[in-house]
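With chain A held as given, fit chains B, C and D onto it using these hints.
Number of protein chains: 4
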Amino acid sequence: MCRWLAYSGTPILLDTILYKPEHSLIDQSLHSRLGVETTNGDGFGIGWYGDGMKTPGVFRDIGPAWSNRNLRELADHIRSPLFFAHIRATTGTAVQQTNCHPFRHGRWMWMHNGAIAEFHRTRRDLALAVDPQLFLDMEGSTDSEMMFYLALTFGLEDDPPGAVARMAGFVERVGHEHGVEYPLQMTVAVTEGRRMWAFRYSSQKQSRSLFYSTRVQALRQLHPDLGFLQEVSDETRLIVSEPLGDLPGAWNEVPESTYGVVEDGDDEMHTFTPQAA
Amino acid sequence: MCRWLAYSGTPILLDTILYKPEHSLIDQSLHSRLGVETTNGDGFGIGWYGDGMKTPGVFRDIGPAWSNRNLRELADHIRSPLFFAHIRATTGTAVQQTNCHPFRHGRWMWMHNGAIAEFHRTRRDLALAVDPQLFLDMEGSTDSEMMFYLALTFGLEDDPPGAVARMAGFVERVGHEHGVEYPLQMTVAVTEGRRMWAFRYSSQKQSRSLFYSTRVQALRQLHPDLGFLQEVSDETRLIVSEPLGDLPGAWNEVPESTYGVVEDGDDEMHTFTPQAA
Amino acid sequence: MCRWLAYSGTPILLDTILYKPEHSLIDQSLHSRLGVETTNGDGFGIGWYGDGMKTPGVFRDIGPAWSNRNLRELADHIRSPLFFAHIRATTGTAVQQTNCHPFRHGRWMWMHNGAIAEFHRTRRDLALAVDPQLFLDMEGSTDSEMMFYLALTFGLEDDPPGAVARMAGFVERVGHEHGVEYPLQMTVAVTEGRRMWAFRYSSQKQSRSLFYSTRVQALRQLHPDLGFLQEVSDETRLIVSEPLGDLPGAWNEVPESTYGVVEDGDDEMHTFTPQAA
Amino acid sequence: MCRWLAYSGTPILLDTILYKPEHSLIDQSLHSRLGVETTNGDGFGIGWYGDGMKTPGVFRDIGPAWSNRNLRELADHIRSPLFFAHIRATTGTAVQQTNCHPFRHGRWMWMHNGAIAEFHRTRRDLALAVDPQLFLDMEGSTDSEMMFYLALTFGLEDDPPGAVARMAGFVERVGHEHGVEYPLQMTVAVTEGRRMWAFRYSSQKQSRSLFYSTRVQALRQLHPDLGFLQEVSDETRLIVSEPLGDLPGAWNEVPESTYGVVEDGDDEMHTFTPQAA
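Chains as they are written, first to last, in UniProt numbering: chain A, 1 to 277; chain B, 1 to 277; chain C, 1 to 277; chain D, 1 to 277.
Everything labelled a hint here was simulated from the structure, so no lab data went into it.
Take the hints with a grain of salt, since some may be wrong.
[As the list claims (entries may be wrong)] These stretches of chain A come out as covered by chain C in the derived footprint (C-beta under 8 Å, 3 or more residues): (1) 39–48; (2) 52–65.
[Claimed, not checked] Derived CB-CB ranges, DEER-like: (3) D:54 / A:107: 29 to 37 Å; (4) B:72 / D:23: 51 to 59 Å; (5) D:27 / A:228: 43 to 51 Å; (6) C:257 / A:10: 54 to 62 Å.
From the three backbone atoms N, C-alpha and C, an ideal C-beta is built for every residue, glycine too.
The following block holds chain A by itself, in its conformation from the complex (with noise of 0.2 Å):
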């Protein structure tokens, strides 16, 4: 399984979220408290969006983010208002840069925490239903890129939330067929550059931790002594596979079978239903 982050709001170091917490995610690469596996080092990914760019820059590389030089320099050097991490540790897939999250297409990334389970056995027939044009432009061999081109077939550029209602559907159907009882585990982060979705679903209904951040004027009132937060707008947000560190408060799981949408204005949080295809 993996760990992810996605962040949204004030244009910030990258560093100042990956590598400062307590807890982040370079070290829960070595020491994830909520994952499947403690260790996540079979890669990882970065993707981030900046002025003026039409699609957003991915660095992505095989192993361990913790040991990474060129991560931590990117971090150190590269300011952004909306961003996407990734620590992967893979269930089978190969090590290698192209089954590395977040996956993009034009403006959009996607990545991934789960699995689609037995993936080896429906491999074949969720590839013939990605979009023959679409179909081009996968490069790796895991779950989660499938997941992705799935969703684009099914209209993610148009309707995220239908699509990967879509998508889920899909893939639980044709795991169905197959005789998998659960087919589909997965925490998902996708955008365009201004706003996002996060996901949070299982077949069996047991699925991996996902929590978002409390809303920045809250946190103001209740630990005033931060500068941090007095640095970033009310707007700013992150969503995280586990908790950044203990902060009382900080930290919300997100329920079960929903999905959040993080935009300008009040975000949304809404049940998450998969769909016929």
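Just chains B, C and D, lined up with the frame of chain A:
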């Protein structure tokens, strides 16, 4: 494109063939004379058989062969009576271990120089033709691996020349359906550890170069002073993308649209014609 | 810190020791029980001797051992009567091939778990003491390689225990000169391909764990049902950072400040005391 | 040997200089025209300054630049008013990140093409001359890094031309003491983020090629149709190992034994003479 060599004969240190010759494969990685590109630095691989080994050992890595210290180590310390070596120059697909040759399936190994023209257009249709059970084992994204799995689907383990002919016929048919005039360009080597088959073919009948070594008995008469020739058996044979040196009389071009079989007793050479799958 | 193992005895497939045991070195790379860190994912290496080999073969790579497919291949296809294996957890120096163990000099190999305390302060003085001819061969930046070259300088090839004692004495003297209270922490294995020496020592007398396997004859009586014990010779011996499993009676701790010699005939164990260089 | 470029001027996307030109540095990694080797595939690096950055960001990796996707990503998404880029062809030292250029110390960056002749013979004596405090920061094993740290020892941060002259004088003196006739071959670029210094010198007075771009004002008159020239400021300047294209009048050779300073106002060119350290 790429360069490769296949060795069969008296067990020798890989170094003898990989590094020692004047224009060795390692030299070809920097200075190919007959290849489409002079540099072949996008990954490499070796595969070798040995005493009591049920499957060949395969060592593949990204990056250039010329600077790889582990390849140097293995060449210095592994002896084998039958081995493949390959250096890669990508035609676009990712530089990753799962795209490096030789590919292995059970006791079988496969390596390729050339390309399926406009592979991105035909890749999906070709993938659909791979036996669903075999499909699960495909890990990379190259045309070369696809050709291997198509050949396996079409009976490689029972009838290598026939299966490769059916693979070539199928690739050409699908290519033509997509409007590709010359769909296939290939020199291919395949083995199960005892016999080797080498194919030279292209739809345009302008195939990449391929050479086989002169019989050792004849070479000894030509070059009685070469100690190396005294040490290897009469059955020792090399097949190479380009000659490893300028020894007069040592290298013979495999004719266009031809395949050869290296086995106990006299080797054979036959016309190669793609067949309907 | 790190974990390592040294094998001497009946030639076996590396896989038998590296992957098969319940708590193998590969398992220790993710879940070390007795190490300072549970994860040892900053590179690894193996070194092996074989028939007719003038020097040991050494295969080292960055990245974790647990996901390295080439290590898996070599373990499945190489047999050896004497080999070293090492997994690394860096104490700060770069993750690069030249910092991976085992280190080799001619026929000799060296690997280390532990550290020279505050190495950055003493590194220059230690480097100055290395024989100028040997200095040229140092390629990495670790304390471990420095210890090897100091031991070589102090006569390792003629008197291994004496040279290691002089190295330890010198490291402690230089450390004390720089105000370091406990300069040295080490378990070290060294070999020339026939005999092996293993050292357990630390300035503070709280050395990293080290174990040796019980004599095969005794183990056979304890576990008459274990087929593996019937297949290996009486002289077969393992020295390991931590036991490879929970087999009762199989593992014995090397006492503090001790070194052992594995050779033909009875092995020996002696007190280890640093000496003036 | 190697190839490099240094850019100073209007902030631009790295891609504009690194990939876009007909004979870009990426093209030179495969097809260098003026270098000692046509292939420069043994690692690469970029270093860039930007708004509010206290130190330059440095991204270095092993393997060829031409196939590195992360370099492609950074070039497409990072803008900078002053950056270095370097492609490496090793003269023997290991292919590892700590041997890739540019090297950084605080705000300073350094890159080099050339070699200290017979470095293995003089390396130890040169290392002894490095300031003990600086010695701790050396991580690699190249002559290039050694030159940087010697220059730092000899006052680079206060007087770059003087420090480089003393470094060159010292390298030549030590070389001569070891019987090396022509100890030094170098083109070097160094910067603190505001000014750049570029040096062309060799003991034999047959230095590697080095070119600087014609002043933008003059180029605009020569090529009024080139849109790119309208977009960059008068102060924009490139220094390169070999020209990035065949634009008439665009490139001028730096004379033998010369160094130049790129800074606000008119640039300067001076004779370079090694000095006693």
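Going down the list of hints, with the structure as the test:
no.	hint	result
1	39–48	holds (count 3)
2	52–65	holds (count 3)
3	D:54 / A:107: 29 to 37 Å	31 Å, holds
4	B:72 / D:23: 51 to 59 Å	32 Å, violated
5	D:27 / A:228: 43 to 51 Å	45 Å, holds
6	C:257 / A:10: 54 to 62 Å	57 Å, holds
Violation of the numbered hints given earlier is confined to hint 4; every other hint is satisfied by the structure.
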